[in-house]
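2 protein chains.
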Amino acid sequence: MRKCCVRRVVIAGGGFGGLYAAKALRHTPVEVTLVDRRNFHLFQPLLYQVATGSLSPGEIAAPLRSLLRDQKNTRVLLGEAVELDAAGRRLILADGAVPYDSLIVATGARNHYFGHDAWQADAPGLKSIEDATHIRSRLLYAFEAAEREPDPELRRAWLTFVIVGAGATGVELAGALAEIARDTLRGDFRSIHTDEARILLLDGADRVLPPFPEQLSSAAERSLVHLGVRPRTGVRVTEVDREGVTIQTMQGGERIATRTVVWAAGITVSEFTGIVAKATGAQQDRLGRILVNPDLTVPGHPEVFVIGDAANLEWKGKPLPGVAPVAMQQGRFAAAVIASRIKGRGGAAFRYLNKGNLAVIGRASGVADFGFLRVHGWPAWLLWLTVHLTYLAQFRNRVLVFIRWGFQYLTFDRGARIISMGANDPGDRAGGSG
Amino acid sequence: MRKCCVRRVVIAGGGFGGLYAAKALRHTPVEVTLVDRRNFHLFQPLLYQVATGSLSPGEIAAPLRSLLRDQKNTRVLLGEAVELDAAGRRLILADGAVPYDSLIVATGARNHYFGHDAWQADAPGLKSIEDATHIRSRLLYAFEAAEREPDPELRRAWLTFVIVGAGATGVELAGALAEIARDTLRGDFRSIHTDEARILLLDGADRVLPPFPEQLSSAAERSLVHLGVRPRTGVRVTEVDREGVTIQTMQGGERIATRTVVWAAGITVSEFTGIVAKATGAQQDRLGRILVNPDLTVPGHPEVFVIGDAANLEWKGKPLPGVAPVAMQQGRFAAAVIASRIKGRGGAAFRYLNKGNLAVIGRASGVADFGFLRVHGWPAWLLWLTVHLTYLAQFRNRVLVFIRWGFQYLTFDRGARIISMGANDPGDRAGGSG
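Chains as they are written, first to last, in the numbering used here: chain A, 1 to 434; chain B, 1 to 434.
Keep in mind the hints are simulated off the structure, nothing from the lab. Bear in mind the structure is a predicted one, so any value in this text is a computation, not a measurement. Hints are not guaranteed to be accurate.
Derived SDA-like pairs (lysine to any residue); straight-line CA-CA distance at most 20 Å [what the hints assert, rightly or not]:
1. 72/B - 291/A
2. 72/A - 186/B
3. 318/A - 167/A
4. 316/B - 187/B
5. 72/A - 24/A
6. 127/A - 325/A
7. 127/A - 388/A
8. 72/B - 190/A
9. 355/A - 377/A
10. 318/B - 371/B
11. 72/A - 193/B
12. 316/B - 285/B
13. 72/B - 193/A
14. 355/B - 391/B
15. 23/A - 187/B
16. 72/B - 183/A
17. 72/B - 191/A
18. 318/A - 291/A
19. 278/A - 299/A
20. 72/A - 191/B
21. 127/A - 46/A
22. 355/A - 332/A
23. 318/A - 214/A
24. 72/A - 192/B
25. 355/A - 383/A
26. 127/A - 117/A
27. 72/B - 192/A
28. 72/A - 267/B
29. 23/A - 357/B
30. 343/A - 117/A
31. 72/B - 186/A
32. 278/A - 268/A
33. 23/B - 325/B
34. 316/B - 255/B
35. 72/A - 371/B
36. 72/B - 195/A
37. 72/A - 190/B
38. 318/B - 267/B
39. 23/B - 72/A
40. 23/B - 75/B
Whenever a hint applies, use it, and build me the whole structure from the sequences.
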């Protein structure tokens, strides 16, 4: 099947970067192999909605094979990249090897605990479908445990929720959780009032949503407080365990008794990124991201592209952020470089088109930063809705998601409130994924 | 809160029996406590649709608290019944005790391997949400593994699916799986043709759907064969392991190489049913079901009701089957007995109203037996659809399910095709729940 003169493009990772690279190679005379550990593309920006019971996993996941079904030059392989033979140009999988002429590394990011990996069990992060269903189980279980707890102090600990990190994910989680407590679960319990839940949103910076302009951070903070969230900024977490969180503030140390902590504070690259760096001699930054050339290739290896969360490319004085639009644009760019090389032309430098920065805070509120235009409140929320439905459209789930959101908006209810059984049990009983 | 003269009704289990008992006690002057290990009611008849990727778990599960939110005399407890103090009239949970004046045991059924519990790992059954997502992962993973397998014999084993048990669950699973192979996945793969998949449906009886009249069994068999399923009846499974299934037929022993086996052959009662039998001195049948009085109480314990799959009540010469309508009617009946006792009246005997027996076979085919009326083909399928949507209506998911089914009917696609990571990995890689 493979001919000598056909370029074999191998893409590691089916997230926004890898998927958009594959799609952009649709009409290029190459053979594309997309390798992913999972059989689906995940719409990560809506993962917090699974964690808070608004959406089901299937609504934000689409099988990679379906998405690329009609693209005849492309095949999808379920497999895990474990080594890179950079000299022999082969991607080594756990059970085989795939030769390439061009390699696009798009293996994304994972949670980062800044040297405190032991915290992971008590403060799960939100990167995968399993993370989301696990967090969903823990959030919902906390209310169940509080309902049964006779000791007022312990009940208060069960009704205290700590979200570490007030970036977009942390803010969106906190807003959704406040709505669960105030609206969704209202009247469901007999011994507790769910609106007594304390939702603390911690961040080391001096304001929420640090990447946004100050004016929008303030607006977001007001919206959060209005929903019942307590943002606490300038706070450093020094300890996380089963029974609480210890923080360091300007005023000294403080202990918060809680049974439910969610980690939204930091990400690092996938393990495979380190393997690529080692195999190619590329440099990595503090977070493990590979420093790439302006055309997104690895220095000395023009056939190896690194894109999305795995790459560090300076833009206007600082590294591009790890968000979906960067990954999508870089995926399309890497595909374009490969296509122009086939035509014998050289590559240009990647240029980022910033389409704006959005975060949503509960029902009908949000912040949006387009540089020239800054809005908050319901107009930002409407924008957020429009943008996300537009992107989701490609995954055929748009109508379902729209209907579910419509329902929820009208009824304050959430359709996917399952506490599932699994390996990591909150309260020794229920948890895991489902 | 509790007064001496208020009757405390405790219901163990929030399936069809327990939920309908609780709902029927809505206007009765009692205090109802519904205890379940899980926080949701599961619409079990559609579990096979989760296992085959048509529906998401959240679409057939509804939080018990929501379903009973407005019923002020009822509280829901998340907890596991581990003991019964029949003399002291207390239900003992893993972490506490609940006193009762009346107890309704509605703890349902679980998979039964007839003494071969070791088969469970290689032949998962379909009783819980986790079972369903695990089976979904295994079915989908088998196609992925086949796509990558160079050895034709092993590829054939990956593309061979064995369903043990040709009752309604087995038939519905087989039909849906045949459609996945023929339609849903068509064109998704590059190395395999998914319609080469062999789907074997085994049963020890001499025909599929043994509880149905022969004429409908024959119609169902024709529909299955038309879809590409190979029913094999009069077959006894003697061994299940990682690499295949050994069967005994009239012609002797036979080995089927397969990596994917689903167990739909038998059920037994929950462990708690045995505890109830021991504590009350009640008799159990071969499958563990408690032999109950005509009013569904345990002999010698008029305050203990056993209903649904946990009970054995003879009706027209044989025990009532373990299906949702029996459990629902028995739940309502137990509630009525409790209500009439409060008014000082005695109890009548439970009478089963058989509303018919339905099974669906893929798109637009099915069988329906109403005694006086027997239909098959699309009219039976339409009936099935109507009945299930009507019952689902109560769980607010009706519209979503209807839309998803509509989509799927028109597009041959399935929205919830996630292979998730978990403890029980098919092919050492992907599996578990999600």
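Pair hint outcome, residue 72/A versus residue 186/B [Cα-Cα no greater than 20 Å]: holds (13 Å)
Restraint check for residue 355/A with residue 377/A, where alpha carbons must lie at most 20 Å apart: holds (19 Å)
Proposed proximity, residue 117/A with residue 127/A (alpha carbon, max 20 Å): holds (15 Å)
Restraint check for residue 72/A with residue 190/B, where alpha carbons must lie at most 20 Å apart: Holds, at roughly 9 Å.
Proposed proximity, residue 187/B with residue 316/B (alpha carbon, max 20 Å): violated (51 Å)
20 Å Cα cutoff - pair residue 127/A, residue 46/A: With Cα atoms ~11 Å apart, residue 127/A and residue 46/A stay inside 20 Å; holds.
Distance restraint between residue 72/B and residue 186/A, which requires alpha-carbon spacing of 20 Å or less: Holds: residue 72/B and residue 186/A sit about 13 Å apart, inside 20 Å.
Pairwise hint evaluation, residue 75/B against residue 23/B, where the allowed Cα distance is 20 Å at most: holds (12 Å)
Pairwise hint evaluation, residue 357/B against residue 23/A, where the allowed Cα distance is 20 Å at most: This hinted pair is violated, its Cα atoms lying about 48 Å apart.
Hinted pair residue 72/A and residue 193/B, Cα distance within 20 Å: Given that 20 Å is the threshold and the Cα spacing comes to 15 Å, the pair holds.
Given pair status - residue 285/B, residue 316/B, alpha carbons within 20 Å: holds (17 Å)
Hint consistency between residue 72/A and residue 371/B [alpha-carbon to alpha-carbon, up to 20 Å]: Between residue 72/A and residue 371/B the Cα gap is close to 52 Å, so the pair fails against 20 Å, i.e. violated.
Hint check: violations occur at hints 1, 4, 28, 29, 30, 34, 35, 39; the rest are consistent with the structure.
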